[in-house]
Amino acid sequence: KAGVTQTPRYLIKTRGQQVTLSCSPISGHRSVSWYQQTPGQGLQFLFEYFSETQRNKGNFPGRFSGRQFSNSRSEMNVSTLELGDSALYLCASSPVPTDYGYTFGSGTRLTVV
Amino acid sequence: QKEVEQNSGPLSVPEGAIASLNCTYSDRVSQSFFWYRQYSGKSPELIMSIYSNGDKEDGRFTAQLNKASQYVSLLIRDSQPSDSATYLCAVNANSGNTPLVFGKGTRLSVIA
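Which chain is which? The protein sequence lines are A and B, in order.
Mapping of the first sequence onto our numbering: residues 467 to 579, in sequence order.
Mapping of the second sequence onto our numbering: residues 5 to 116, in sequence order.
Just so you know, not all the hints are guaranteed correct.
These stretches of chain A come out as covered by chain B in the derived footprint (C-beta under 8 Å, 3 or more residues) [stated by the list, open to error]:
#	stretch
1	480 to 493
2	528 to 540
3	543 to 550
Which chain A residues stay away from chain B? Per the calculated CB distances, all over 10 Å, these [stated by the list, open to error]:
#	residue
4	A468
5	L477
6	T569
By construction, these hints were calculated from the structure, which means they are not laboratory data.
We put the CB at the ideal spot given by N, CA and C, even for glycine.
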């Protein structure tokens with residue numbers, strides 16, 4: 467079966483712009499989590515969604531937002547981009563929120579210049 | 005602040021040796037423990053999960069959990085060059101409303 471699909475794979479944006487990243491979970495998986503990965507900080511939790519509801523939010527500024535649709539697809543948005551937002555953004559899906567055997571997508575590599 | 009600590013490495017082991025990767029966590033109520041492997045330029049991949057004290061074996065991999073000491077480890081027997089990757093430890097409190105917290109990973113290099 468198809469894995470977790472993230473689009474786009476690569477993105478270059480200018481400071482001050484906004485960006486939207488997309489994640490389609492494995493079919494039947496209703497829980498989607500987003501992580502930011504940087505060399506210095508490792509994987510940091512952004513959000514978790516289940517049944518279109520945000521269950522958890524990490525310690526990121528309000529410029530980071532997300533949502534989940536009725537088909538379980540999820541999007542995250544970053545507004546007013548800063549250089550420090552350059553990172554690999556990973557989406558992970560699981561059947562339900564309490565199943566932490568995540569399957570990760572390939573990620574979106576965001577570069578802010 | 006829930007934390008998961010790992011030695012960043014690199015941990016270098018010769019081919020055929022046992023690689024031992026360690027992880028400590030700060031939240032005493034943690035209930036679920038995972039090891040993910042991440043090859044360079046790729047996304048993390050789940051390789052082991054463990055929930056109870058003791059050892060859990062899967063092929064060449066053995067996860068060990070000691071909740072009293074708040075540490076979890078991963079042993080890789082008969083290490084192969086293809087095992088060279090970053091290994092991420094992840095912990096969850098299983099309280100129903102907490103995310104999976106990852107360590108920063110240990111880079112393993114298996115030398116042929």
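Now for the hints, and whether the structure bears them out:
no. : hint       : verdict
1   : 480 to 493 : violated (count 0)
2   : 528 to 540 : violated (count 0)
3   : 543 to 550 : violated (count 0)
4   : A468       : holds, 15 Å
5   : L477       : holds, 16 Å
6   : T569       : violated, 7 Å
Checked against the numbered hints given earlier, the structure breaks hints 1, 2, 3 and 6 and satisfies all the rest.
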